[in-house]
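Undergrad: Sequence:
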Amino acid sequence: QGQGQGQAAAGLRAPDAAGGTAAFAAFLIAHFERHRFGCVTSEEFRTAYTESFPSASAAVDWETWLHRPGMPPVDVGTYYDGASSAASADLARRWHLCDVLGVGTPDRPAGACAADIAGWSAVQIDHFLLSLLGYRGGTHSLALPVVAAMEELYGLSAYRNSEIRCKWLQLRLGAGDKEAFEPAREVLTSMGRMKFLRPLYRSLKLCKGGGRAFAEETFAAARGMYHPIAEKMVAADLAA
114 QGQGQGQAAA GLRAPDAAGG TAAFAAFLIA HFERHRFGCV TSEEFRTAYT ESFPSASAAV
174 DWETWLHRPG MPPVDVGTYY DGASSAASAD LARRWHLCDV LGVGTPDRPA GACAADIAGW
234 SAVQIDHFLL SLLGYRGGTH SLALPVVAAM EELYGLSAYR NSEIRCKWLQ LRLGAGDKEA
294 FEPAREVLTS MGRMKFLRPL YRSLKLCKGG GRAFAEETFA AARGMYHPIA EKMVAADLAA
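The numbering of the sequence shown is the numbering used here, which starts it at 114 and goes up by one.
Hints were generated in silico from the structure; no laboratory data involved.
Just so you know, not all the hints are guaranteed correct.
[As the list claims (entries may be wrong)] Pair ranges (Cβ atoms, derived):
id: 1; residue 1: Gly232; residue 2: Ala135; range: 18 to 24 Å
id: 2; residue 1: Arg325; residue 2: Arg147; range: 31 to 37 Å
id: 3; residue 1: Arg149; residue 2: Gly224; range: 44 to 50 Å
id: 4; residue 1: Ala199; residue 2: Gly305; range: 30 to 36 Å
id: 5; residue 1: His253; residue 2: Ala334; range: 26 to 32 Å
id: 6; residue 1: Lys308; residue 2: Phe150; range: 44 to 50 Å
id: 7; residue 1: Gly224; residue 2: His144; range: 41 to 47 Å
id: 8; residue 1: Arg159; residue 2: Glu295; range: 44 to 50 Å
id: 9; residue 1: Ala228; residue 2: Ser168; range: 41 to 47 Å
id: 10; residue 1: Phe150; residue 2: Val213; range: 45 to 51 Å
id: 11; residue 1: Asp174; residue 2: Val213; range: 25 to 31 Å
id: 12; residue 1: Gly323; residue 2: Ala271; range: 23 to 29 Å
id: 13; residue 1: Lys291; residue 2: Gly151; range: 33 to 39 Å
id: 14; residue 1: Asp174; residue 2: Lys345; range: 39 to 45 Å
Positions of the beta carbon are idealized from the N, C-alpha and C atoms, including for glycine.
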């Protein structure tokens, strides 16, 4: 209550105020476990936080954090390390530039190898794919040999993270990879968030070799499980 998403995100990225990342992470996990399937107000969170970190809580301007408009009174940028996002953005740029014309030769950047993403977090991999979609989304897609090379090196199809799965499937479908049809159906029949549904259905519709028919068939079977707004928006996308 009274705490916007931006403020909440900033608050969760201020671990030093709670004695360090490890201590705050343990508190947060326990808090989520205790209240899963339920609702928690900002004041209830404040009480729990104060019980766990009384000294840190005393230093927090709760009135500003919870009830005043605008972003919180901290420099959020100091909590983020830009090096990891720069690395993922640079890798995306390398893959884009190796196939600017979308012809697939060469099929990978010079020196590309599995070590490119070794040790990366899911967030870094997601940022890599998001950056690549920024270059090669829509009809300006990568060639199929390039997408195949990415799979060979990075094994992206093995990831079960929804953000990674959906972005990777968009790239595969954009490249005309019909082997991505069934994995896309699996996603589209197991979740209902529009942020995943609409991009995947649109990518399927544009995929040559039966993508539109497959998208319409999948939607006809799954539309009953979607929220009415999601159903309406996807139907409009497919009809366009």
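Undergrad: Hint by hint, note whether the structure agrees.
TA: Each hint, compared with the structure:
Under the hint 18 to 24 Å, the C-beta atoms of Gly232 and Ala135, about 19 Å apart, fit the expected range. Hint check: Arg325 to Arg147, Cβ distance near 47 Å, so the stated range 31 to 37 Å is violated. Remark: the range hint 44 to 50 Å for Arg149 to Gly224 is upheld by a beta-carbon distance near 45 Å. About 34 Å separates the C-beta atoms of Ala199 and Gly305, a value consistent with the hinted range of 30 to 36 Å.
Checked against the hint of 26 to 32 Å, the C-beta distance between His253 and Ala334 comes to roughly 31 Å, which is consistent with it. Evaluation of the 44 to 50 Å hint for Lys308 and Phe150 yields a failure: the beta carbon distance comes to about 22 Å. Distance hint check for Gly224 and His144: the Cβ-Cβ separation is about 45 Å, which falls inside the suggested range of 41 to 47 Å. Distance hint check for Arg159 and Glu295: the Cβ-Cβ separation is about 47 Å, which falls inside the suggested range of 44 to 50 Å.
The given range of 41 to 47 Å is respected by Ala228 and Ser168, whose C-beta atoms sit roughly 43 Å from each other. Checked against the hint of 45 to 51 Å, the C-beta distance between Phe150 and Val213 comes to roughly 49 Å, which is consistent with it. For the pair Asp174 and Val213, the supplied restraint of 25 to 31 Å is violated, since their beta-carbon distance comes to about 50 Å. A C-beta distance of roughly 25 Å is found between Gly323 and Ala271, which places it inside the suggested range of 23 to 29 Å.
As the Cβ distance of Lys291 to Gly151 is approximately 44 Å, the hint placing it in 33 to 39 Å is violated. Against the hinted window of 39 to 45 Å, the Cβ-Cβ separation of Asp174 and Lys345 comes to about 43 Å, which satisfies the hint.
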